[in-house]
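Enquirer: The chain contents come next:
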Amino acid sequence: MSYAYLFKYIIIGDTGVGKSCLLLQFTDKRFQPVHDLTIGVEFGARMITIDNKPIKLQIWDTAGQESFRSITRSYYRGAAGALLVYDITRRETFNHLASWLEDARQHANANMTVMLIGNKCDLSHRRAVSYEEGEQFAKEHGLVFMEASAKTAQNVEEAFIKTAGTIYKKIQDGVFDVSNESYGIKVGYAVPNTSGGGAGSSSQGGGCCS
Amino acid sequence: MRGEEAAAAEARCPRSPELHDLSDDSDYAAAAAASSNHTVMRSDLADKGSVETARVDVVYEKEGVTIHPMQYGSGRISGILRLYLQQGSLFLSWEPNEEVDSFSTSSVTMEIEKYRNLYTVKGLPLSDVRFIRKHSPAFNIGVEYIIIVLSSGLAYPPFYFYNSGLRELFASLKKHVFIIRSDDDPNVFLVNDFQDPLQKSLSSLELPGVASVANAMSRQNSFSFTGSVDEARHVTPSSMTEYVSKQKHKSNDPGRDLSIQVLEKFSLVTKFARDTTSSLFRENHNIGARTYGRQQQKHVLDNRANDKYTDHPITPDKGSLPSDSIESDNLPLVWGKQRDNPLSVEEWSNFLDPEGRVMDSKALRKKVFYGGVDHVLRKEVWKFLLGYHEYDSTYAEREYLAVVKRAEYEAIKSQWKSISPTQAKRFTKFRERKGLIDKDVVRTDRSVPYYEGDDNQNVVVLRDILLTYSFYNFDLGYCQGMSDFLAPILYVMEDEPESFWCFTILMERLGANFNRDQSGMHAQLLALSKLVELLDPPLHNYFRQNDCLNYFFCFRWVLIQFKREFSFDQIMLLWEVLWTHYLSEHFHLYLCIAILKRYRSRIIGEQMDFDTLLKFINELSGQINLDRALQDAEALCSVAGDNGAACIPPGTPPSMPIETDGGLYVQEDEVL
Ligand SMILES: Nc1nc2c(ncn2[C@@H]2O[C@H](COP(=O)(O)OP(=O)(O)OP(=O)(O)O)[C@@H](O)[C@H]2O)c(=O)[nH]1
Ligand SMILES: [Mg+2]
Chain A
4 MSYAYLFKYI IIGDTGVGKS CLLLQFTDKR FQPVHDLTIG VEFGARMITI
54 DNKPIKLQIW DTAGQESFRS ITRSYYRGAA GALLVYDITR RETFNHLASW
104 LEDARQHANA NMTVMLIGNK CDLSHRRAVS YEEGEQFAKE HGLVFMEASA
154 KTAQNVEEAF IKTAGTIYKK IQDGVFDVSN ESYGIKVGYA VPNTSGGGAG
204 SSSQGGGCCS
Chain B
204 MRGEEAAAAE ARCPRSPELH DLSDDSDYAA AAAASSNHTV MRSDLADKGS
254 VETARVDVVY EKEGVTIHPM QYGSGRISGI LRLYLQQGSL FLSWEPNEEV
304 DSFSTSSVTM EIEKYRNLYT VKGLPLSDVR FIRKHSPAFN IGVEYIIIVL
354 SSGLAYPPFY FYNSGLRELF ASLKKHVFII RSDDDPNVFL VNDFQDPLQK
404 SLSSLELPGV ASVANAMSRQ NSFSFTGSVD EARHVTPSSM TEYVSKQKHK
454 SNDPGRDLSI QVLEKFSLVT KFARDTTSSL FRENHNIGAR TYGRQQQKHV
504 LDNRANDKYT DHPITPDKGS LPSDSIESDN LPLVWGKQRD NPLSVEEWSN
554 FLDPEGRVMD SKALRKKVFY GGVDHVLRKE VWKFLLGYHE YDSTYAEREY
604 LAVVKRAEYE AIKSQWKSIS PTQAKRFTKF RERKGLIDKD VVRTDRSVPY
654 YEGDDNQNVV VLRDILLTYS FYNFDLGYCQ GMSDFLAPIL YVMEDEPESF
704 WCFTILMERL GANFNRDQSG MHAQLLALSK LVELLDPPLH NYFRQNDCLN
754 YFFCFRWVLI QFKREFSFDQ IMLLWEVLWT HYLSEHFHLY LCIAILKRYR
804 SRIIGEQMDF DTLLKFINEL SGQINLDRAL QDAEALCSVA GDNGAACIPP
854 GTPPSMPIET DGGLYVQEDE VL
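For the protein sequence lines, the chains are A and B, in the order given.
The first sequence begins at 4 in our numbering and counts up by one.
The second sequence begins at 204 in our numbering and counts up by one.
Here chain A stands alone, though its shape is the one from the complex (with noise of 0.2 Å):
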């Protein structure tokens, strides 16, 4: 298909506390709480319209446990939006959102809008952290701040689109050189996979890559 941009995102946080589900909820519309616990990476992509305008997002889901990190942090290079998930049934994964920001502020381009999500919202009986608590750290670090679900699909497209809105503003605003791929954005081109030279904004050229 095609697409006007394609975005890269990337879904960070602890090891457990529903990354992958999150990104099936989004791009299968469905819960599946046996599947795989991801090892380096996995690939999940799906296409939305923002103004109009078919938009591919391409979303990266690492895996979160500590002794992967020096390999997941390769992943970051070139991320236009990224979700940081916890766990609000687990405190330790709150706990840990800063040292994970620090490794996206390290590893990432400085643009890329960072999403933060509190996930399980439906466990809210064995809630650890209040979404208070959630909103004052995303403030404190200039985030966009939900809590959502990948068990009930609550707020999930949210949190997808939302994400993809503060990118393309940004587009609009300049903040990007689109031509630059290192910010995480491709533009839409008529040849599959290939690189350099803008071909504009177009969107009627033959889609990417699956």
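Treat the hints as calculated values from the structure; they're not laboratory data.
A couple of the hints might just be wrong.
Calculated lysine-lysine pairs in the DSS-like style (CA-CA distance at most 30 Å, straight line) [claimed, not checked]:
id, chain 1, residue 1, chain 2, residue 2
1, B, 818, A, 173
2, A, 32, B, 642
3, A, 165, B, 818
4, B, 818, A, 32
5, B, 608, B, 632
6, A, 173, A, 142
7, A, 154, B, 642
8, B, 818, A, 154
9, B, 818, A, 172
10, B, 620, B, 642
11, B, 818, A, 56
12, B, 642, B, 628
13, B, 637, A, 154
Starting from the known structure of chain A, fit chain B with the ligands onto it as the hints suggest.
Expert: Chain B with the ligands only, in chain A's frame:
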């Protein structure tokens, strides 16, 4: 003498971890002292083959700079580290001494001798260096060392400075290249320009003890075929010069010439394989012997034996192969032997003597290597392949072992079973491990019927084994990926203690994959990179040009030995083939290359960058033709022979690590 100067400088300004600035005067003092000792190397070092009169100015030279090549052993190779200027650029070299250090034991010495050349660093241009990480031991006890990390992400093994001299090294560096201390880590020194903010950020990439087994990866470091090893040792300075001229005259690149040799060898082999097909029993040993030596001849003889045996033509004609749309690169470089049928019940019984000993373990391993094992036999045969049972053990001995080991397992298991909730409250490490394992076993192979459904008892057994293992090997503990290894083992063994012991033995070899500092993984990825350079130079060049030399895109393949790339059934076959260690302990690396080679025309044709390549490789999962990949890997492994083996430093997993008093699993970087 330089050393005294440095000591004096040292005294004036004692090392302090808070010191974030390099521009203290003592550095300059040291540098000045060093520069007064400049040596001019000329044709004595610059070798006979080189016409260039390029002047080589040595600006730093230190003896006793040592590599510890064994992953956990005591072997050392001491050598000379030099910095020299040539045509305005700074280069670094490290040459091993002729003699292995005396404190190495003789068996280790032999091993090291074999690999000495691998570690030699010929002229490495400093422009290829991303950063240098300095490790100074706490309280000045122990030896300082540095790790050099290249722009490609690869790291050299640590260089230990037994005769000090680190300070002068940095001082000299600072005189000739732009070098600054990283904001993030005072021990990291960034080299060259920092126009690219990304480069700066990447500098804090953790690569601690990483490359203790790593090869010296110098780009122009050619692979010496056995015959040329000695030559290679003595022509170091010439390759320094050649490297410079290479920029201008590609054809002067010794590596490239070698590549051509390799390609020629390949094409001869291919041709040879074809000839063999067309005239199956015609006498053409000579060709084989002449073009490619004993290995090939043996390979061909094997083919023949196999051919008689299975009644198949040696070489599959292309039409009969399942055409696989994804595998667009059908370049049949060399043909491996046709895959065999799995070891059958009848064949197995023929391998055993009346008391149950395996009479010819080599033949057994060969049989399994080429065909795998019938599923009903796996439970029995895997225990031999993994090394849980000795091949020459009897039925009675094995029965006895089972009883002993069962009791032993229960004893270890009771260590965590007896932890009360109150105790657990004060045992954070236990709670964390248990929590992680609990979370992961429910995310392991749940689509396999054996592990399917809610409250599946087998999932509980997985959990218990992993938790028990994390007590048995407390230093390594539990890491993600282990459950991937355990699930097929438990499925086959259907027995908790036996699965535990089989898993434990597998982890003896593969535990290093899970080292916190990733040393086991880095060692394998480095070896892989060397092997690709040997076996597919164009692909190697492509990866080099596209910043893919860190081979991170093969991370999952290597970490869990292709577990996520094949179906559950296929993985059992693949693993038993790997466990035979028949052609190589590192056959999985050849498998990586076989697969990469299959897709190389797509990778290169579509000009995949790192991201695209990573995604492409990920999505090959479930698409790879296993039999064909095994066949290709076998051919590559045979062709590479000793030269391939020489690319893989000793101690690289799944080779057995060498035990030291310090424990097997170094989980923390103990050096400040
Ligand atoms: N109740 C509830 N459970 C969830 C939700 N999201 C995920 N889970 C559960 O949390 C567990 C972990 O989810 P994953 O998506 O695998 O976690 P991850 O962040 O991808 O973990 P790693 O791949 O190890 O980094 C799964 O077993 C899911 O069943 C949610 O929104 N609500
Ligand atoms: Mg995941």
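Enquirer: Indicate, hint by hint, whether the structure satisfies it.
Expert: For each hint, the structure was consulted:
1. B:818 x A:173: OK: residue 818 of chain B and residue 173 of chain A at ~26 Å, within 30 Å.
2. A:32 x B:642: Cα-Cα ~23 Å, so holds.
3. A:165 x B:818: holds (25 Å)
4. B:818 x A:32: holds (22 Å)
5. B:608 x B:632: holds (27 Å)
6. A:173 x A:142: holds (19 Å)
7. A:154 x B:642: holds (16 Å)
8. B:818 x A:154: holds (27 Å)
9. B:818 x A:172: holds (27 Å)
10. B:620 x B:642: holds (18 Å)
11. B:818 x A:56: holds (25 Å)
12. B:642 x B:628: Measuring from Cα to Cα gives roughly 19 Å; hence the hint holds.
13. B:637 x A:154: The hint holds at about 24 Å.
Violation of the numbered hints given earlier is absent; every hint is satisfied by the structure.
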